[in-house]
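Student: Here is how the chains run, residue by residue.
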Amino acid sequence: MNGAHDLGGFHGLGRVQREENEPVFHSEWEKGVFALLFATLGNGLINVDEFRFGIEQMHPAYYLSSRYYEHWLFTIEKGLVEKGIISKEELDARARRYREDPQAQLPERKDPKLADRMAALIKRGAPCTRPSVVSPRFAVGQPVRAKNINPTGHTRLARYVRGKRGVIHKVHGTFVTPDTNALGKGENPQPVYSVAFPAWELWGWDSAEPNETIYVDLWESYLEPA
Amino acid sequence: MNGAHDLGGFHGLGRVQREENEPVFHSEWEKGVFALLFATLGNGLINVDEFRFGIEQMHPAYYLSSRYYEHWLFTIEKGLVEKGIISKEELDARARRYREDPQAQLPERKDPKLADRMAALIKRGAPCTRPSVVSPRFAVGQPVRAKNINPTGHTRLARYVRGKRGVIHKVHGTFVTPDTNALGKGENPQPVYSVAFPAWELWGWDSAEPNETIYVDLWESYLEPA
Amino acid sequence: MSEARYKGSPLPIPQQYPLSEEELTARTKALQALLIEKGFLSSDMIERVVSIYEKDIGPLLGARVVARAWVDPEFKKRLLADATKACAELGIGGMQGEHMVCLENTPKVRHVVCCTLCSCYPWPVLGLPPNWYKYPQYRSRLVANPRQTLREDFGLSIPDDVEVHVWDSSAEIRYFVLPQRPSGTEKLTEEDLAKLVTRDSMIGVGDPLPPSSLS
Amino acid sequence: MSEARYKGSPLPIPQQYPLSEEELTARTKALQALLIEKGFLSSDMIERVVSIYEKDIGPLLGARVVARAWVDPEFKKRLLADATKACAELGIGGMQGEHMVCLENTPKVRHVVCCTLCSCYPWPVLGLPPNWYKYPQYRSRLVANPRQTLREDFGLSIPDDVEVHVWDSSAEIRYFVLPQRPSGTEKLTEEDLAKLVTRDSMIGVGDPLPPSSLS
Chain A
1 MNGAHDLGGF HGLGRVQREE NEPVFHSEWE KGVFALLFAT LGNGLINVDE FRFGIEQMHP
61 AYYLSSRYYE HWLFTIEKGL VEKGIISKEE LDARARRYRE DPQAQLPERK DPKLADRMAA
121 LIKRGAPCTR PSVVSPRFAV GQPVRAKNIN PTGHTRLARY VRGKRGVIHK VHGTFVTPDT
181 NALGKGENPQ PVYSVAFPAW ELWGWDSAEP NETIYVDLWE SYLEPA
Chain B
1 MNGAHDLGGF HGLGRVQREE NEPVFHSEWE KGVFALLFAT LGNGLINVDE FRFGIEQMHP
61 AYYLSSRYYE HWLFTIEKGL VEKGIISKEE LDARARRYRE DPQAQLPERK DPKLADRMAA
121 LIKRGAPCTR PSVVSPRFAV GQPVRAKNIN PTGHTRLARY VRGKRGVIHK VHGTFVTPDT
181 NALGKGENPQ PVYSVAFPAW ELWGWDSAEP NETIYVDLWE SYLEPA
Chain C
1 MSEARYKGSP LPIPQQYPLS EEELTARTKA LQALLIEKGF LSSDMIERVV SIYEKDIGPL
61 LGARVVARAW VDPEFKKRLL ADATKACAEL GIGGMQGEHM VCLENTPKVR HVVCCTLCSC
121 YPWPVLGLPP NWYKYPQYRS RLVANPRQTL REDFGLSIPD DVEVHVWDSS AEIRYFVLPQ
181 RPSGTEKLTE EDLAKLVTRD SMIGVGDPLP PSSLS
Chain D
1 MSEARYKGSP LPIPQQYPLS EEELTARTKA LQALLIEKGF LSSDMIERVV SIYEKDIGPL
61 LGARVVARAW VDPEFKKRLL ADATKACAEL GIGGMQGEHM VCLENTPKVR HVVCCTLCSC
121 YPWPVLGLPP NWYKYPQYRS RLVANPRQTL REDFGLSIPD DVEVHVWDSS AEIRYFVLPQ
181 RPSGTEKLTE EDLAKLVTRD SMIGVGDPLP PSSLS
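Protein sequences appear in the order of chains A, B, C and D. 1 is the number of the first residue of the first sequence in this note's numbering; add one for each residue after it. 1 is the number of the first residue of the second sequence in this note's numbering; add one for each residue after it. 1 is the number of the first residue of the third sequence in this note's numbering; add one for each residue after it. 1 is the number of the first residue of the fourth sequence in this note's numbering; add one for each residue after it.
Calculated from the structure, these hints are not laboratory results. This one's a predicted model, so the numbers in the text were calculated from it and none came from an experiment. The beta carbon of each residue, even a glycine, is placed where N, CA and C say it ideally should be. Heads up, a few of these hints could be off.
Covered, in the sense of this in silico footprint (three residues per stretch, anywhere, with C-beta under 8 Å from a C-beta of chain A), are these stretches of chain B [unchecked claim]:
1. 3-14
2. 147-153
3. 204-217
In silico BS3-like links for lysine-lysine, alpha-carbon gap of 25 Å or less [what the hints assert, rightly or not]:
4. D/55 <-> D/85
5. C/108 <-> B/170
6. B/147 <-> A/147
7. B/113 <-> C/38
8. B/110 <-> C/55
9. A/110 <-> A/123
10. B/185 <-> B/147
Could you build all of it, start to finish, from the sequences and the hints given here?
Tutor: Next comes the structure, spelled out in structure tokens:
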């Protein structure tokens, strides 16, 4: 979707704000949300593309004004409710309880096997590569054009490269396609390429800075021969 | 600038919300802001392109979440302070006073000549046409391409048509150029065209609806032969 | 607000939105007061400009133009050739209508008007625009999915074999639509015809009322 | 909030933003509680995953990789050919680093990494990203104006004759930079070299520390 998350080249958001000695987490709720990533993705309740697509569906003003882990909280709430793993009613009731009594504690439940499984997942990772099913259509050095698509669903083809010409820099391998995987329409593995775009092609000669190349990773279905 | 104001084709903002029997103004402050348009533009303190560019410089989250006349209030405050017509200090002090005492009234001053002058302006309008200085470069029926420009200043070349091909539908005449006029760099009058773009050229075959043409008014400097 | 208590990085935005009505009122009054004192604004000027747009200028003027075009083929020709001049014949024109274009709906073509970059709108014939025309939803959706927007948000289904022409008012030209005259109105007076012409039908997001609405 | 008192059209957004810390806390706890009860989360699991990213995984791991590449040309070759495999030699890898690519800075080329669509970042070598990497400012500016962003926001001026390569992590490949080894470090141990390697130098928005910083 053409959403507020698709930020490349957007103006007016201000200068980068850095925090000295930034901690890994800023608050207890940030730690809590981080653990929820593992409870959901780690348990296979939500896939990574559904997770990202959920964030993209925040209202743009909310997306642009919120803390980072708020994005995660939003998509986890949304995903769990949509999949029927929790109901909106029980979620609201529980949130009301913790809102009214901020001292109320979480239920205590230990599950060493679960904790071990998540530690192993962190160590092992969750690759999105899949066995190659087709040979890549494009070769290194070949000029390509990113398609002009404007789906309302999820895509990883950013607006700022659509319609622009680049050159295949590298063939990365075969990966799950986010556009279908986010909508529950299957993994559809296909080749992913690193595509090199000169800055002037993306931004025009008047706006581009000199001597710059932008590399963007793109799925084969996003590309056509140039 | 590539800002939140440039909304064509943006997703995720929700459905159109209509108000039954909507009044012209919803509150006293909306009336007040509307009158401020005449106090500023009508008195030549701010030009229309500076006015629009000011709005575009609202933070995107603010722009997308605020009431319409709030946009005007923002740009009028900004324009008057930047031009030194009022100082930030006097503005803040006065706002504080009205915030602390909501019953405090405006100073009473009548100026029938001023009121007449504004009524006459409404009747007469404020044309942005200028005498033709050059003959138009493009003719009706000619294929053109909107340039790919990404200025950080003001422009009326929307992102969704940049790089896209259309056909000259009409030559409108010679108008002030907003890009320079908004930055105090002069009116630079030039031809303006209505350019017809097929929906599939703008949105791609997969996303475009059938049998649609989008007409966009574009200044000559935004266009190149296709 | 909570920012002061947030111990992390600066939030992406410096303020809490939306602002309160009280805050907007105070800031508007502050500007008004300063401009009154500096001679750029006056109490009677505020009243005057507000009154003009509340009472004198509005979609009833556009409806007069449309009704005239329905009954007078020569006027209609002039209107479609140069709307600014034709409206001036009826004493209609001025601010934000210095360069007007009127778009004729036919059985095969429907027009609809928007402004993706701000909220340009033909004030002399339609008055000030409604909020929905100015808010992000309409401005983002219409140019990309006009049929869907008209159907879902305005209840207006347009058959695929009817062309949709969308007009994005990106320059200083202001557009309005000449809708098709409803059937069964052959015997109506120009004055009654004008009562059938809605604001929405001149933006292109609706149809004129049926003659039955008059009784 | 003021919405209830606003007598106009619905506001463009339904809620006031940003949310309060209290609200975020309550909502997070609600989800945690429900998932604990349903068996998908546990108290020790929360502690464990938080602790791993607070204590075990962070930019010190990436610094070890960089320092090794500085002292061991064969390792460097393997790292640039396949960073995932080379990092695994040092026991480094896993979640969000399943497919890593290491980019070598040279006197003529500088690399810098971002993610315009979300916040992709190579966790196994850099830990969790700082807020500025995830917030809209960096993500919008870097791809369009990398030189200006690096100069204005990071104090890093890159001469025009040095190429800038920006890597937008739009797929599942995770990038990090092998910065140039600072001069005057010929006699340093691998361990001391690692102390010079900052997180920012591996994102590409900074340089390693000078050897004088060790004393």
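Student: Are residue 110 of chain A and residue 123 of chain A close enough, with their CA atoms no more than 25 Å apart?
Tutor: holds, 21 Å
Student: Are 3 or more residues of the stretch 204-217 of chain B near chain A, judged by a Cβ distance of less than 8 Å?
Tutor: holds (count 3)
Student: With a Cβ-Cβ cutoff of 8 Å, does the stretch 147-153 of chain B contain at least three residues near chain A?
Tutor: With 6 residues closer than 8 Å to chain A, the stretch 147-153 of chain B meets the three-residue bar; holds.
Student: CA of residue 55 of chain D to CA of residue 85 of chain D, is that 25 Å or under?
Tutor: Distance ~23 Å between residue 55 of chain D and residue 85 of chain D Cα, so the pair holds.
Student: When you check the alpha-carbon spacing of residue 185 of chain B and residue 147 of chain B, does it fall within 25 Å?
Tutor: Given pair residue 185 of chain B, residue 147 of chain B holds - Cα atoms ~21 Å apart, limit 25 Å.
Student: Examine the stretch 3-14 of chain B for residues whose CB is less than 8 Å from any CB of chain A, and state whether their number is three or more.
Tutor: Our answer is that it holds, as 8 residues pass the Cβ test (under 8 Å) against chain A, meeting three.
Student: Holds or violated: residue 110 of chain B with residue 55 of chain C, Cα cutoff 25 Å?
Tutor: Holds, because 21 Å separates the two Cα atoms, which is no more than 25 Å.
Student: Quick one, are residue 113 of chain B and residue 38 of chain C close enough, alpha carbons at most 25 Å?
Tutor: Satisfied, since the Cα-Cα distance of roughly 15 Å is no more than 25 Å.
Student: Mind checking the alpha carbons of residue 147 of chain B and residue 147 of chain A for me, to see if they're no more than 25 Å apart?
Tutor: Holds, at about 18 Å.
Student: Are the Cα atoms of residue 108 of chain C and residue 170 of chain B separated by 25 Å or less?
Tutor: holds, 21 Å
In summary, this structure violates none of the numbered hints.
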